[in-house]
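Given only the sequences and the hints, what does the whole structure look like? Please build it.
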Amino acid sequence: MGQETVNVIFQPSGRRGEVPKGVNIIEASRLLGVDIEAPCGETKVCGKCRVRIEEGHFEKYNIHSSMSNVSEWMEEEEKFINPENREKGFRLGCVAKILDDILVFVPEESRSGKQIVSKDARDIHIDFNPAVRLYTIELQKPTFEDKIGDWERLTNGLEREYGLTGLTIDIVALRTLPGTLREGNWVVTVSVWNDKEVIRIRPGRAVRAYGIAIDVGTTTCAGYLCDLTTKEVIATSSLMNPQCKYGEDVMARITFHMTTPDGLKRMSDDIIEGINSLIEKAIVQTHPKKKKVKKKKGEEGPDEYVEVIEEGVEYLRITKKDIEDVTIGFNTAMHHILLGLDPEPVGLAPFPPVIHHSLDIKARDLNIDINPSSYVFTMPNEAGFVGGDNVGVLLSEEPYKSDEIQLIIDIGTNGELILGNRHKLYSSSCATGPAMEGAQLAYGMRAAPGAIERIEIDPITQDVDYRVIGHDKSRKESKPEDMKVKGICGSGILDVLAELYRSGVITMTGVFNKKALKENPRFRKNADTKQPEFVLAWKEDSSIGQDIVITQKDVRQIQLAKGALYAGCKLMMKRMGIEKVDTVKIAGAFGTHVDREKALVMGLFPDCEIESIHGIGNAAGDGCRTALLNKTKRDEANWCSRNVQYLELTVEPTFEHDFMEAMQLPHMTDKFPHLEGVVPDHVLNQGPKGPVIPK
Amino acid sequence: MSTQEEILAKLKEAVVEYEEDDCSDAAQEALDAGVDPMVAVLDGLAAGMEEVGVLFDTNEYFVPEVLMCADALYAGLDILRPHITLDPDTPKASVVIGSIQGDVHDIGKNLVKMMFDVAGWDVHDLGRDVPLEDFVEKQLDVKSDVLAMSAMMTTTMMGMKKVIAMVKEKNPECLIMLGGAPVTRDVANLFGADGYAESAGNAVSEGIKMIGRLREYQKGEIQ
Numbered sequence: 001m002g003q004e005t006v007n008v009i010f011q012p013s014g015r016r017g018e019v020p021k022g023v024n025i026i027e028a029s030r031l032l033g034v035d036i037e038a039p040c041g042e043t044k045v046c047g048k049c050r051v052r053i054e055e056g057h058f059e060k061y062n063i064h065s066s067m068s069n070v071s072e073w074m075e076e077e078e079k080f081i082n083p084e085n086r087e088k089g090f091r092l093g094c095v096a097k098i099l100d101d102i103l104v105f106v107p108e109e110s111r112s113g114k115q116i117v118s119k120d121a122r123d124i125h126i127d128f129n130p131a132v133r134l135y136t137i138e139l140q141k142p143t144f145e146d147k148i149g150d151w152e153r154l155t156n157g158l159e160r161e162y163g164l165t166g167l168t169i170d171i172v173a174l175r176t177l178p179g180t181l182r183e184g185n186w187v188v189t190v191s192v193w194n195d196k197e198v199i200r201i202r203p204g205r206a207v208r209a210y211g212i213a214i215d216v217g218t219t220t221c222a223g224y225l226c227d228l229t230t231k232e233v234i235a236t237s238s239l240m241n242p243q244c245k246y247g248e249d250v251m252a253r254i255t256f257h258m259t260t261p262d263g264l265k266r267m268s269d270d271i272i273e274g275i276n277s278l279i280e281k282a283i284v285q286t287h288p289k290k291k292k293v294k295k296k297k298g299e300e301g302p303d304e305y306v307e308v309i310e311e312g313v314e315y316l317r318i319t320k321k322d323i324e325d326v327t328i329g330f331n332t333a334m335h336h337i338l339l340g341l342d343p344e345p346v347g348l349a350p351f352p353p354v355i356h357h358s359l360d361i362k363a364r365d366l367n368i369d370i371n372p373s374s375y376v377f378t379m380p381n382e383a384g385f386v387g388g389d390n391v392g393v394l395l396s397e398e399p400y401k402s403d404e405i406q407l408i409i410d411i412g413t414n415g416e417l418i419l420g421n422r423h424k425l426y427s428s429s430c431a432t433g434p435a436m437e438g439a440q441l442a443y444g445m446r447a448a449p450g451a452i453e454r455i456e457i458d459p460i461t462q463d464v465d466y467r468v469i470g471h472d473k474s475r476k477e478s479k480p481e482d483m484k485v486k487g488i489c490g491s492g493i494l495d496v497l498a499e500l501y502r503s504g505v506i507t508m509t510g511v512f513n514k515k516a517l518k519e520n521p522r523f524r525k526n527a528d529t530k531q532p533e534f535v536l537a538w539k540e541d542s543s544i545g546q547d548i549v550i551t552q553k554d555v556r557q558i559q560l561a562k563g564a565l566y567a568g569c570k571l572m573m574k575r576m577g578i579e580k581v582d583t584v585k586i587a588g589a590f591g592t593h594v595d596r597e598k599a600l601v602m603g604l605f606p607d608c609e610i611e612s613i614h615g616i617g618n619a620a621g622d623g624c625r626t627a628l629l630n631k632t633k634r635d636e637a638n639w640c641s642r643n644v645q646y647l648e649l650t651v652e653p654t655f656e657h658d659f660m661e662a663m664q665l666p667h668m669t670d671k672f673p674h675l676e677g678v679v680p681d682h683v684l685n686q687g688p689k690g691p692v693i694p695k
Numbered sequence: 001m002s003t004q005e006e007i008l009a010k011l012k013e014a015v016v017e018y019e020e021d022d023c024s025d026a027a028q029e030a031l032d033a034g035v036d037p038m039v040a041v042l043d044g045l046a047a048g049m050e051e052v053g054v055l056f057d058t059n060e061y062f063v064p065e066v067l068m069c070a071d072a073l074y075a076g077l078d079i080l081r082p083h084i085t086l087d088p089d090t091p092k093a094s095v096v097i098g099s100i101q102g103d104v105h106d107i108g109k110n111l112v113k114m115m116f117d118v119a120g121w122d123v124h125d126l127g128r129d130v131p132l133e134d135f136v137e138k139q140l141d142v143k144s145d146v147l148a149m150s151a152m153m154t155t156t157m158m159g160m161k162k163v164i165a166m167v168k169e170k171n172p173e174c175l176i177m178l179g180g181a182p183v184t185r186d187v188a189n190l191f192g193a194d195g196y197a198e199s200a201g202n203a204v205s206e207g208i209k210m211i212g213r214l215r216e217y218q219k220g221e222i223q
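In the order they appear, the protein sequences are chains H and V.
Counted from 1, the first sequence has number 414 at position 414 by this note's numbering; the numbering is strictly sequential.
Counted from 1, the second sequence has number 176 at position 176 by this note's numbering; the numbering is strictly sequential.
Source of the hints: derived by calculation from the structure; they are not laboratory data.
Heads up, a few of these hints could be off.
Just so you have them, the derived chain V footprint on chain H, three or more residues with Cβ under 8 Å [as the list claims (entries may be wrong)]:
no. : region
1   : 9-18
2   : 254-262
3   : 343-354
4   : 508-517
5   : 526-538
6   : 662-669
These numbers were taken from a predicted model, which means no experiment stands behind them.
C-beta: ideal position from N, C-alpha, C; glycine also.
What follows is the structure in structure tokens.
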């Protein structure tokens with residue numbers, strides 16, 4: 001009888017596996033390659049390894065997770081976990097021993113090796129026309145001759161000075177009006193939303209107003225805090241979507257709603273909490289850093305902090321109340337879940353959304369903690385699988401204003417495609433799955449220190465050189481112990497398929513080229529899984545004591561994803577009646593990290609000139625920011641959402657055939673003249689049995 | 001003139017190597033040489049597909065290769081099938097198959113369908129995005145021995161449960177087979193199904209395993 005094992009799933013990383021029953025959560029995290037902070041070395045004194053045990057049945061993993069599936073609560077934990085959090089399922093990872101299946105959520109602060117989310121704001125041109133504008137006005141004090149009400153006094157003044165008519169005021173703002181007028185000695189600055197409604201009144205003269213554009217992805221979320229008076233991006237923040245624990249893709253989330261009575265509310269509450277912490281993380285950057293005051297010996301009481309002010313730095317000290325406008329872009333399912341709209345129809349063909357049009361919702365109605373009278377603008381949806389995030393891509397790239405035919409590929413958990421120009425625009429989506437983001441691969445991981453981000457394989461010796469995040473030299477220029485490899489992240493995954501193919505390690509069908517690899521120690525059959533695998537980094541390069549490999553199954557997963565994207569591109573081109581496109585743009589969390597040559601080598605899209613391929617980063621987030629700073633873009637967004645023709649790819653008669661052909665490298669039948677000279681001839685023109693590697 | 005063994009080997013190889021033309025030629029050769037067409041189908045074409053299933057399970061072959069093998073198999077089957085004469089006393093087994101409402105994926109379903117075609121069953125393919133009631137209606141109409149449903153999305157999978165309940169209520173004898181990426185054995189059990197195939201690949205291997213059982217079925221060994 002072997003050792004008894006239990007199933008453990010770590011979120012948000014999605015790492016899962018079996019571990020021996022009775023090990024603690026920290027130990028399990030090591031076995032499964034998840035990083036949890038444990039600076040005290042599991043001596044139960046630092047409290048850094050706080051994790052949450054999720055309660056309930058998780059269809060996606062087919063496990064029932066419960067707090068009672070770990071060992072009993074211990075006194076040491078009380079110091080770090082208050083009763084409220086204890087109730088929520090928080091435990092210390094070094095204390096709680098795993099007795100049965102569990103799903104563990106590792107909060108951001110407990111993760112070591114913080115994720116590098118490449119969702120930086122790009123420098124794009126935005127016309128300046130914000131929805132929230134400031135008007136400073138001086139009013140006459142009321143007298144017996146002029147005893148008109150405060151609000152009418154204010155609107156009369158705004159009409160006289162600025163020509164604003166027909167204004168209304170939010171009740172919460174109105175409540176502050178009498179006090180603010182008198183506090184400012186009849187000089188006030190009002191924030192007016194869309195020239196329609198007063199949403200904030202401040203005493204005296206104020207010159208700054210802030211807003212935040214938020215990109216809610218299925219896996220990662222990003223916030224861009226902007227100055228509404230200068231267009232400047234002041235701070236960016238990011239976090240993993242807290243809904244990841246309910247499943248990696250939108251379908252799993254929708255299923256969670258369908259199978260759990262309060263599932264929709266739980267997911268909605270989670271993402272609202274996430275958005276609030278995103279805002280918090282952004283504004284905290286406008287304050288000086290804080291340092292804990294050392295206590296004197298024996299001194300009791302709560303910790304105290306002092307500000308560490310850096311010289312020459314101007315601190316804006318923005319508070320939540322200073323955020324006066326929010327725009328949110330997301331896919332349709334995330335949109336529905338956040339707003340508490342039933343997402344079930346979006347999960348079933350023909351996938352109609354509840355609403356296409358954008359919405360202006362009071363922040364307080366969504367429990368988003370900013371200036372309470374402000375509105376949240378939600379980007380409009382194109383279709384069930386193409387939401388406001390894709391509208392964001394359209395807004396930032398404006399293919400509808402170009403003569404060139406552009407192909408825009410947004411790679412996420414769901415792939416979204418746009419094709420066209422000023423005359424005609426198509427959009428579509430395809431299920432790429434989480435493989436390209438590192439999930440579900442044997443050694444897939446987030447973009448964090450220790451992740452392989454670049455790979456080169458020698459086409460003659462099939463030896464591997466690579467780079468990892470957090471180390472500035474390649475493997476060949478470093479000592480093995482400096483590499484500290486843990487896994488492979490999105491940009492590395494895009495590289496790896498291209499390099500395996502270009503070097504002849506795999507054939508065009510994706511199978512390992514056994515003949516060529518006969519003598520190569522990197523190629524082997526895994527003794528446990530019986531799977532063929534190829535070693536990317538040897539054990540001595542790694543910080544987890546294991547060879548980092550790519551398995552035949554991993555290759556297949558990436559092929560599925562790339563095949564879906566290629567087939568999508570091709571079907572759209574067919575529909576449009578074109579053979580080639582002028583420009584290819586690749587967007588996504590790793591959009592700017594894409595090696596364009598390798599993207600073409602792996603056949604992510606049909607053949608084109610390498611020079612016409614561009615990485616455009618997080619275009620969805622950029623579009624959201626455009627809508628924040630230029631309100632005419634909001635109308636444009638609504639126009640886009642109804643004027644881009646959505647193609648449901650899977651019902652196209654040739655989809656199955658195109659998908660099948662596109663799974664091969666770079667493609668089963670399509671020619672790639674632009675790869676001549678980039679990929680060796682014996683590989684590019686290989687026969688049915690794979691390339692013969694010249695000695 | 002090739003021997004029966006050689007012809008069967010040719011059929012098998014043509015399927016495994018996904019050579020459509022070779023498969024048609026070998027099928028014609030089998031007929032010309034007087035090989036029992038049912039034997040040619042089962043011990044040639046199906047045997048080849050069985051090997052394809054193994055190659056798929058070990059990740060040696062992938063979906064494109066399997067689909068091309070299927071094309072080759074159909075090329076041979078189209079030639080052989082008209083010559084298969086069944087014992088009129090033995091009723092032909094039948095299956096109702098389709099992808100469930102809300103689901104437009106049918107690669108896996110088509111592979112499973114192929115297995116029934118190979119075995120000479122009466123196949124009632126309802127296609128994809130099939131309304132739940134249509135499964136029930138068709139099953140009751142043709143009184144099929146098997147009802148096979150596929151779902152590729154977790155959201156659509158839930159519909160299977162309803163169909164199973166409706167069919168089992170009216171016709172408890174009908175065997176129900178489920179397939180598709182999100183369907184696990186536990187789900188199949190939970191929904192009250194009789195069999196399941198985890199993926200297109202498992203559908204292939206499960207389907208292949210089924211052929212053995214089907215042959216016995218046809219010979220009247222299982223009633």
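Tested hints:
1. 9-18: violated (count 0)
2. 254-262: With 4 residues in contact (Cβ-Cβ under 8 Å with chain V), the coverage given for the region 254-262 of chain H holds.
3. 343-354: This one holds; 4 residues, not fewer than the three required, reach chain V with a Cβ under 8 Å.
4. 508-517: Holds, because 3 residues of the region 508-517 of chain H bring their Cβ atoms closer than 8 Å to Cβ atoms of chain V.
5. 526-538: holds (count 3)
6. 662-669: holds (count 3)
Hint violations for this structure: number 1 only, all remaining hints satisfied.
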